[in-house]
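> Letter by letter, the chains look like this.
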Amino acid sequence: EVQLQESGPGLVKPSQSLSLTCSVTGYSITSNYWGWIRKFPGNKMEWMGYISYSGSTSYNPSLKSRISITRDTSKNQFFLQLNSVTTEDTATYYCARFLHRYPFDYWGQGVMVTVSS
Amino acid sequence: DIQMTQSPASLSASPEEIVTITCQASQDIGNWLAWYQQKPGKSPQLLIYSATSLADGIPSRFSGSRSGTQYSLKISRLQVEDTGIYYCLQRYSNPLTFGSGTKLEIK
Numbered sequence: 001e002v003q004l005q006e007s008g009p010g011l012v013k014p015s016q017s018l019s020l021t022c023s024v025t026g027y028s029i030t031s032n033y034w035g036w037i038r039k040f041p042g043n044k045m046e047w048m049g050y051i052s053y054s055g056s057t058s059y060n061p062s063l064k065s066r067i068s069i070t071r072d073t074s075k076n077q078f079f080l081q082l083n084s085v086t087t088e089d090t091a092t093y094y095c096a097r098f099l100h101r102y103p104f105d106y107w108g109q110g111v112m113v114t115v116s117s
Numbered sequence: 001d002i003q004m005t006q007s008p009a010s011l012s013a014s015p016e017e018i019v020t021i022t023c024q025a026s027q028d029i030g031n032w033l034a035w036y037q038q039k040p041g042k043s044p045q046l047l048i049y050s051a052t053s054l055a056d057g058i059p060s061r062f063s064g065s066r067s068g069t070q071y072s073l074k075i076s077r078l079q080v081e082d083t084g085i086y087y088c089l090q091r092y093s094n095p096l097t098f099g100s101g102t103k104l105e106i107k
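Top to bottom, those sequences are chains V and U. Counting from 1, one number per residue, gives the positions in the first sequence under this note's numbering. Counting from 1, one number per residue, gives the positions in the second sequence under this note's numbering.
Keep in mind that the hints were calculated from the coordinates and are not lab data. Quick reminder that beta carbons are idealized off the backbone N, C-alpha and C, glycines included. Be aware that one or more of the hints could be misleading.
[Stated by the list, open to error] Derived DEER-like restraints, expressed as beta-carbon distance ranges: (1) LEU11(V) with THR5(U): 40 to 46 angstroms; (2) ASN83(V) with GLU16(U): 47 to 53 angstroms; (3) ASN31(U) with THR70(V): 30 to 36 angstroms; (4) PRO8(U) with PHE40(V): 17 to 23 angstroms; (5) GLN3(V) with GLN3(U): 29 to 35 angstroms; (6) SER67(U) with ASP72(V): 41 to 47 angstroms; (7) SER65(V) with SER60(U): 44 to 50 angstroms; (8) SER12(U) with ASN32(V): 36 to 42 angstroms; (9) SER26(U) with ASP72(V): 33 to 39 angstroms; (10) SER56(V) with SER60(U): 36 to 42 angstroms; (11) ASN32(V) with SER26(U): 26 to 32 angstroms; (12) GLU16(U) with THR70(V): 23 to 29 angstroms.
Turn these sequences into a full structure, and let the hints guide you.
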């Protein structure tokens, strides 16, 4: 069974970087696409970006140059880094698998990240 | 960016009733639309893909339809466990964009 699990700090200070890990079991990240999505307080959902089976990436332009998604295929993990965070980056962050036919069919349980001094 | 206008923002219905949630796309997205259900305290779950196809394990009470650039999710024979927030997602072009969500309460 495919399982994803996010991990990382739940509290980040403004202007610092947010770093999260998504650990995948039951499926290789060298197949298909792997994305990050966040849900803000108030329920708005935002697609942040994804990394492909080949390691190429695509990002939401709204995040400009603050975002980076990378991977470690030896550990079957992929990572999110978001730089220069503000309080507006406070959200629950999810990782998910993205197939051509089935978009975001498996999700992690989510990790709540608060940006606060 | 493609805007997905979702309505209503919230609704309340009784068990066994039928409800419909809609998403209006700001441009043609073909059938590149999915629906998700997020139950309280849980991660989103894929319900419908390609506008009308039921995802694995999803009850047939859920159905999706399309009329031009308007997409609908119909839930028949509502059950208490259908409580949650429902989102549409367009995957026609990047950036992928979600609707604003519909909060469904079962009376």
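> Evaluate each hint against the coordinates.
Okay, the hints, checked on the actual structure:
1. LEU11(V) with THR5(U): 40 to 46 angstroms: violated (35 angstroms)
2. ASN83(V) with GLU16(U): 47 to 53 angstroms: holds (50 angstroms)
3. ASN31(U) with THR70(V): 30 to 36 angstroms: With Cβ atoms ~32 angstroms apart, the hint holds.
4. PRO8(U) with PHE40(V): 17 to 23 angstroms: At 20 angstroms between Cβs, range holds.
5. GLN3(V) with GLN3(U): 29 to 35 angstroms: holds (33 angstroms)
6. SER67(U) with ASP72(V): 41 to 47 angstroms: holds (45 angstroms)
7. SER65(V) with SER60(U): 44 to 50 angstroms: Given range 44 to 50 angstroms: holds, Cβ gap about 46 angstroms.
8. SER12(U) with ASN32(V): 36 to 42 angstroms: The hint (36 to 42 angstroms, Cβ to Cβ) holds, given that SER12(U) and ASN32(V) are roughly 38 angstroms apart.
9. SER26(U) with ASP72(V): 33 to 39 angstroms: holds (38 angstroms)
10. SER56(V) with SER60(U): 36 to 42 angstroms: Roughly 38 angstroms apart at Cβ, these two residues keep to the hinted range, so it holds.
11. ASN32(V) with SER26(U): 26 to 32 angstroms: Between ASN32(V) and SER26(U), where Cβ atoms are some 28 angstroms apart, the hint holds.
12. GLU16(U) with THR70(V): 23 to 29 angstroms: violated (49 angstroms)
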